[in-house]
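Asks: Listed here are the chains, written in short residue letters.
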Amino acid sequence: MSTEIAPGEPIRVLLAKPTHDCHDRGVRLVAKKMRDAGFEVIFMNFLLPEEVIRAALDEDVHVVGISTSSGGHLPLFGDLLAGLAAHGRDDAVVIGGGVIPPDDEKTLRSWGVEAIFGPGTNAEQAIAMIKRRLATVSS
Amino acid sequence: MFDDATLARSREIGSAWEEAYERLVAKFGDAVLERATNATTHSGIPLKSAYFPHDVDDLDLDAIGAPGAYPFTRGNLAAQYQLMNWANQPVIGYGLAEDTRARMDMLAEQGMVGYFGQRFYNLVYDLVSHEGLDPDHPAARGRVGQCGMGVYSKADMARLFAGMDLTQMNVVHITYYQVVPALAQYVALAEERGVSPEQLRGNTMNWYHQSAYVGMSAFPPRQGHKLAVELINYCSKNMPRWNTTNFFGYGVEEAGGTAVEEIGFMLAYGIDLVDACVESGLTADEALVRFGFQIAQANDFFEEICKIRALRRIWATTMKERFGAKDARSMHVRIHTHTSGAVLTAQQPLVNLIRTTLHAFGAALSGTQAMEVSSYDEALAIPTEEAATLALRVQQVIQEETNITSVSDPLAGSYYVESLTNQIAGAALELVQQIEAQGGYIAAQESGWLRRKVEDSAERWRDLVDTGKRTVVGMNKYQTDEPPTANLFKIDPEAEAIAIKRVEELRANRDHGRWERALASFGQAAEALATKDYSELDGSLIEAAIEAARADATTGEMMGALKSALGWRAPHEY
Chain P
1 MSTEIAPGEP IRVLLAKPTH DCHDRGVRLV AKKMRDAGFE VIFMNFLLPE
51 EVIRAALDED VHVVGISTSS GGHLPLFGDL LAGLAAHGRD DAVVIGGGVI
101 PPDDEKTLRS WGVEAIFGPG TNAEQAIAMI KRRLATVSS
Chain A
1 MFDDATLARS REIGSAWEEA YERLVAKFGD AVLERATNAT THSGIPLKSA
51 YFPHDVDDLD LDAIGAPGAY PFTRGNLAAQ YQLMNWANQP VIGYGLAEDT
101 RARMDMLAEQ GMVGYFGQRF YNLVYDLVSH EGLDPDHPAA RGRVGQCGMG
151 VYSKADMARL FAGMDLTQMN VVHITYYQVV PALAQYVALA EERGVSPEQL
201 RGNTMNWYHQ SAYVGMSAFP PRQGHKLAVE LINYCSKNMP RWNTTNFFGY
251 GVEEAGGTAV EEIGFMLAYG IDLVDACVES GLTADEALVR FGFQIAQAND
301 FFEEICKIRA LRRIWATTMK ERFGAKDARS MHVRIHTHTS GAVLTAQQPL
351 VNLIRTTLHA FGAALSGTQA MEVSSYDEAL AIPTEEAATL ALRVQQVIQE
401 ETNITSVSDP LAGSYYVESL TNQIAGAALE LVQQIEAQGG YIAAQESGWL
451 RRKVEDSAER WRDLVDTGKR TVVGMNKYQT DEPPTANLFK IDPEAEAIAI
501 KRVEELRANR DHGRWERALA SFGQAAEALA TKDYSELDGS LIEAAIEAAR
551 ADATTGEMMG ALKSALGWRA PHEY
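Going down the list, the sequences are from chains P and A.
Under the working numbering, the letters of the first sequence match residues 1 to 139, in that order.
Under the working numbering, the letters of the second sequence match residues 1 to 574, in that order.
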């Protein structure tokens, strides 16, 4: 189980944004703040969900965060969750951010997306959530 | 601007004021607010608490001049809104071509109007097109018609403009880097209707420079720069009424940059672009007369106004002195204002109407040529019909009820406004020097310097918001518990299937031989462009693109050829 974190091991986070989304001011800042908080952060843009799944497996991350501000989030998260599960990585914490309407947020949470950080939230909230969530796993 | 006696008296008055002010501040002791003693603009320019004639003592009256007189600080033309209001240019585009057309017609019905009663349509393409794909690509799933219109071929263009006279309107094609296919498809449609390229009016974005600070997949900077020059070259010969290039200042501020960075980056890029155009054989005047600017209007009310006055001055002086521009239009900064989307909030969305009204008001005072006012629900979804209409009403109320359109550049002569205009101009020129010292805009883009600059500014602002030093009403102050906004706009889920069916039918029914030859020639032109110098650019790529569009080549197919010839990188690879 990769979400078991050994003492002294940094939390590894993959943050990803579709290439054609362009609203990346928020997620790039979150990446920086997470690095400042001591996380190991991989930031990538992607065209297809398979690219994110591959990177999550290769980098053996604890958390996968998708930023999306331009629709298309339902099939994207659907493929991501299914792909992680197919490779035995359904333990990874999946979170989202960007512009996701409330109805879709409910749907995503019912699928297992653990948190959505919408407009107006800040990096500290996401960092605190991840620390809390992973502390529970390792204790 | 003032004689010595006036300046001496101004200093006396100023000193007396300063003493009185400091006495007041002292009374407040530790309770004094930071803005009372240490105010700055959003760009970090220090502000005084009151301004006097001696604050602009280094300013020559000729640097302010008159509306329509060099250096155009006060506006491009002698008459501003007295003869011609700014054009309403709301951004339109969602779903299929027909959905977008319905919104175009609705807004036209509601009074959206360009210059002298002409129709202006500011049309944005969808994310699939922006990535240079067709709707049947796997990455298109869930994105067809999102954030723009699903228009991918000459056939889709025909649906969009069904029954319309293309000679009687101005069409802005808001693409990302699929500039060439979109223009080619529009020109090919026009030809089919007996309209020649020289009759067409409108804009292409031609803004490859924005990949310096906007995180989208893009061509490598130098290849993008060549594409821009190639299009300018073609249009200067064949489309004299077409506005070739949109300087994307807006994107600098939206990505987190400051007002100074916005105009400094634009001038630095302008220098690189005019240099390359001249190298390709054009005169500075031939290239410059068809440039336009998309400029943000955000929250810092006076800085945003002074930024525009400063940009007009430094652009005009640079183009005249450095490039020998002679045509006044070459020195003009033609502005399409876009009110800031980044400062709108998802919380208490109706408050955004107040913000956008202030933005639009500031833009009107600064003397803009066209305006898009963001809709109040933009932080949540694509604007509803109601929200889009209200955004248009903001413009109409300012244009027709406030009487501010009777007087040009009404803030001129304000000691504060002239002083801040000066300071912003000075700071922007300093930034341009820093960029030039690195080899110019494209070089600073390649090294990532421009991106870092903008990201540092974004972080500074965000830290101020997170620590409560900058207020965002409804977000970090005056929050309320509110039910989620109902009535959000949704794209018809059928649109995607229809778009896929259409592109499949197009591929099955077009003249395969002609398409194959045209696309192959376009691919060869793209390969040739990849190794050309600026001096070898001649517009032939655009001619090949138009032939491919005539033969029903899709956006995805044409962009595929460009990507494979010129390279294409995701933003994190930069």
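One or more of the hints may lead you astray.
Listed below are the simulated BS3-like cross-link pairs for lysine-lysine, each with C-alpha atoms no more than 27 Å apart in a straight line [stated by the list, open to error]:
{"no.": "1", "chain 1": "P", "residue 1": "K32", "chain 2": "A", "residue 2": "K477"}
{"no.": "2", "chain 1": "P", "residue 1": "K32", "chain 2": "A", "residue 2": "K469"}
{"no.": "3", "chain 1": "A", "residue 1": "K490", "chain 2": "A", "residue 2": "K563"}
{"no.": "4", "chain 1": "A", "residue 1": "K563", "chain 2": "A", "residue 2": "K237"}
{"no.": "5", "chain 1": "P", "residue 1": "K32", "chain 2": "P", "residue 2": "K131"}
{"no.": "6", "chain 1": "A", "residue 1": "K490", "chain 2": "A", "residue 2": "K477"}
{"no.": "7", "chain 1": "P", "residue 1": "K33", "chain 2": "A", "residue 2": "K469"}
{"no.": "8", "chain 1": "P", "residue 1": "K33", "chain 2": "A", "residue 2": "K477"}
{"no.": "9", "chain 1": "A", "residue 1": "K532", "chain 2": "A", "residue 2": "K27"}
{"no.": "10", "chain 1": "A", "residue 1": "K237", "chain 2": "A", "residue 2": "K320"}
{"no.": "11", "chain 1": "A", "residue 1": "K490", "chain 2": "P", "residue 2": "K106"}
{"no.": "12", "chain 1": "A", "residue 1": "K237", "chain 2": "A", "residue 2": "K532"}
The set of hints was computed from the structure by calculation and includes no laboratory data.
Asks: All the hints need checking, so say for each whether the structure fits it.
Replies: Going through the hints against the structure:
Taking the CA atoms of K32 of chain P and K477 of chain A, the gap is about 25 Å. The hint holds against a cut of 27 Å. For the proposed pair K32 of chain P and K469 of chain A, the alpha carbon gap of about 21 Å is at most 27 Å, so the pair holds. With a C-alpha separation of about 32 Å, the suggested pair K490 of chain A and K563 of chain A falls outside the 27 Å cut-off, and the hint is violated. At roughly 26 Å between alpha-carbon atoms, K563 of chain A and K237 of chain A fall within 27 Å of each other, so this suggested pair holds.
A distance of roughly 16 Å separates the Cα atoms of K32 of chain P and K131 of chain P; the hinted pair therefore holds under the 27 Å criterion. Distance hint between K490 of chain A and K477 of chain A is unfulfilled; the C-alpha atoms sit about 30 Å from each other, more than 27 Å. Simply put, K33 of chain P and K469 of chain A have alpha-carbon atoms about 19 Å apart, close enough for the 27 Å limit, and the pair holds. As the CA atoms of K33 of chain P and K477 of chain A are separated by approximately 23 Å, the hinted pair is consistent with the 27 Å bound.
About 69 Å separates the Cα atoms of K532 of chain A and K27 of chain A, which puts this hinted pair outside 27 Å; it is violated. Proximity of K237 of chain A to K320 of chain A is assessed by CA-CA distance (about 23 Å); at most 27 Å being required, the pair is judged to hold. Pair hint K490 of chain A plus K106 of chain P holds up; C-alpha atoms about 16 Å apart against a cutoff of 27 Å. With a CA separation close to 20 Å, the supplied pair K237 of chain A and K532 of chain A stays within the 27 Å bound.
Of the numbered hints listed earlier, those contradicted by the structure are 3, 6 and 9.
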